[in-house]
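A.B. asks: Here is how the chains run, residue by residue.
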Amino acid sequence: MSTPTMSPQDSRHIAKDAQSTLQWRRFKFPGSLIRYAVWLSVFVFLAYSVEYLEIPLERLLGIFGRMGATLANRYYPPDMEYIMDADYMRYVVETIQMAYLGALFGLVATVPLGWFASYNMTPSRCFVYPVARLVTMSCRAVHEMIFAIIFVAILGYGMLPGVLALTFFCTGFAGKLFAEEIEAIDIGPVEAMRATGANLFQIMVFGVFPQVRVAFTGIAIYTWDVAFRAATVVGFFGAGGMGWYLKRNVLQIESERVAAILVSIIILVFISEMLSAWARNTVMKMK
Amino acid sequence: MNNKATNTSPPRITSQVILDRRRTARMIMAVVYLVLLALVVWSVQVTVIEDTDWNRLGGFGKVWEAANRFIGLDMALFPNLIEPAIETLMIACLGTLLGVFLCIPAAWFGALNITPFKPVTYPLARMMMTLSRSIHEIVWALFFVSAVGLGALAGIFAIAVRSVGFIAKMSAEAIEDIDPGPVEAIRAVGGNDFQVVIYAILPQVLPQVLGVIIFEWEINIRRSAILGLVGAGGLGLVFFRQMNTFNFHGVMSVIVAILGLILIGEALSHWVRRALI
Chain Y
5 MSTPTMSPQD SRHIAKDAQS TLQWRRFKFP GSLIRYAVWL SVFVFLAYSV EYLEIPLERL
65 LGIFGRMGAT LANRYYPPDM EYIMDADYMR YVVETIQMAY LGALFGLVAT VPLGWFASYN
125 MTPSRCFVYP VARLVTMSCR AVHEMIFAII FVAILGYGML PGVLALTFFC TGFAGKLFAE
185 EIEAIDIGPV EAMRATGANL FQIMVFGVFP QVRVAFTGIA IYTWDVAFRA ATVVGFFGAG
245 GMGWYLKRNV LQIESERVAA ILVSIIILVF ISEMLSAWAR NTVMKMK
Chain X
6 MNNKATNTSP PRITSQVILD RRRTARMIMA VVYLVLLALV VWSVQVTVIE DTDWNRLGGF
66 GKVWEAANRF IGLDMALFPN LIEPAIETLM IACLGTLLGV FLCIPAAWFG ALNITPFKPV
126 TYPLARMMMT LSRSIHEIVW ALFFVSAVGL GALAGIFAIA VRSVGFIAKM SAEAIEDIDP
186 GPVEAIRAVG GNDFQVVIYA ILPQVLPQVL GVIIFEWEIN IRRSAILGLV GAGGLGLVFF
246 RQMNTFNFHG VMSVIVAILG LILIGEALSH WVRRALI
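Those sequence lines, one after another, are chains Y and X. Those letters in the first sequence? Residues 5 to 291, per our numbering, in order. Those letters in the second sequence? Residues 6 to 282, per our numbering, in order.
Just chain Y, same shape as in the assembly:
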């Protein structure tokens, strides 16, 4: 018996399967129907939005050629002399300062806000917690550009509105991360301090902050990195820094200068990314 034959057991199984029409399925009946319906509605929504936004589908085919042509004709030789100017360098330094101050003020605001917005450490869960969550969420939800425009409308042109806009942006960005970090702490030291009769403030300073110190430094460095990226364009609506240069050249359709400014932004962001990665690694090692 070298050829494989069906054992009586196997044939019995097959007969059983044939008798019962039940088949194995990954998703059972009502669930499967809901699944298909959800996928179908997602596709219908996407198709409808293409229709609703009046996207010229017939023009999409040649679009990449046209983009390449735009890049090559208008933007290609970046006017590097323009960005080597001393005046431009001053604006670059201003951008860095703005990002630094915005991140710093935002982080200072984050310390109490992260405390109030962490579910395990908040002084009052029914009042302070939702308020702090709402503040963090609104700072995160509103784009930094909108903050910049509003502060420019209130305070006039200059770097102060830029710093304030970045402060709000960084508060929203770091607040959530910091609150999550506090929520993940080891509760043991906190309970020990509570047992010895420490008040809320003492618990925070001696029980919680030592645990999140390193994480907070990491968040701070990351926040600075993100703030710098935002700071490069906050000036677009008059809030200081190199964004104003960008806007001026965009409006004058000096595409080659715009390209040069973009190149400088990319280089600066790259440097700041490397620096922040290095700083974060150093801090983590010191832990």
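Worth flagging that the hints you see were computed from the coordinates, not collected in a lab. Honestly, I wouldn't trust all of these hints.
As the list claims (entries may be wrong) - Covered by chain Y, according to a simulated footprint, are these stretches of chain X (three or more residues, beta-carbon under 8 Å): (1) 46–52; (2) 186–196; (3) 207–220.
Claimed, not checked - Examples of chain Y residues toward chain X, derived with CB under 10 Å: (4) Y56; (5) V216; (6) F241.
In this text, a Cβ means the ideal position worked out from N, Cα and C, and glycines have one as well.
Knowing the structure of chain Y, use the given hints to seat chain X on it.
C.D. replies: Frame of chain Y; chain X shown alone:
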């Protein structure tokens, strides 16, 4: 003699050494803090004190007056905000979808373990990611408006290109962390590269990648809400118009609408995350 040499080669740790080390660490920290503080003072001096036109601001009362204009809502505007809000949401959805398609090659080339030709494709993908993340969405939108004209399409492209960097970076990191077992198994039974990706890599990274995509979609709603400022439609356009007609209560209404849209987006993403992952 020999014995002594081996004894002294690792420096003996005495309490004095530990104290010295602590003192050096403290000194370094003090210098770092001093430098940071000096930078703060310098920046405040340059940005806040010198650059601000304090005479024009004219005291706290005037600033409060200027800020007070913004307090209040223009209720009549809300019915007109529904359509731009839907538009914003659609731009965010389509932009994220396009971004996901664009990030497939970037994630494939950017993951060290599956990149096809390491010396060329890996730096190329890394460069794409940095490029996409370092340029702000406003600037991308300006570029695409000049390339494809005003309208939602420019916004969709801007959002797609801007979200490639983050999604591709996270996906590439997820791919680098996979368990190589299934990949070897598929290879051993004769699967080609494509089959390896479909049956060995994708199932392992899908939950993480989906989480990243949903997270990015949430951010993209917030981004698409301002793309109208440079001519890509949606709520940003209404914001721009209200601002330019000095209807400050209308501006606040638009911001409330953006907040509402983002709340809806957060609820949706929470629900989708629970359903999918």
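A.B. asks: Measuring from the C-beta of F241(Y) to each C-beta in chain X, is the shortest one below 10 Å?
C.D. replies: F241(Y) check passes; min Cβ-Cβ to chain X is 8 Å, inside 10 Å.
A.B. asks: Just to make sure I understand the rule, a stretch counts as covered if three or more of its residues have a C-beta closer than 8 Å to a C-beta of the chain. Does the region 186–196 of chain X meet that for chain Y?
C.D. replies: With 0 residues close enough to chain Y, the hint is violated.
A.B. asks: Between the region 207–220 of chain X and chain Y, are there enough contacts, at least three residues with CB-CB distance under 8 Å, for the coverage claim to hold?
C.D. replies: That given contact is violated, which follows from only 0 residues of the region 207–220 of chain X lying within Cβ reach (below 8 Å) of chain Y.
A.B. asks: Report holds or violated for chain Y covering the region 46–52 of chain X, Cβ cut-off 8 Å, minimum 3 residues.
C.D. replies: holds (count 5)
A.B. asks: Does V216(Y) meet its interface restraint, that is, does its C-beta lie within less than 10 Å of any C-beta in chain X?
C.D. replies: violated (18 Å)
A.B. asks: Holds or violated: the hint that Y56(Y) contacts chain X, with Cβ atoms closer than 10 Å.
C.D. replies: At about 6 Å, which falls below the 10 Å cut-off, the nearest Cβ of chain X leaves the hint on Y56(Y) intact, so it holds.
Violated hints, listed in ascending order, are 2, 3 and 5; each of the other numbered hints is respected by the structure.
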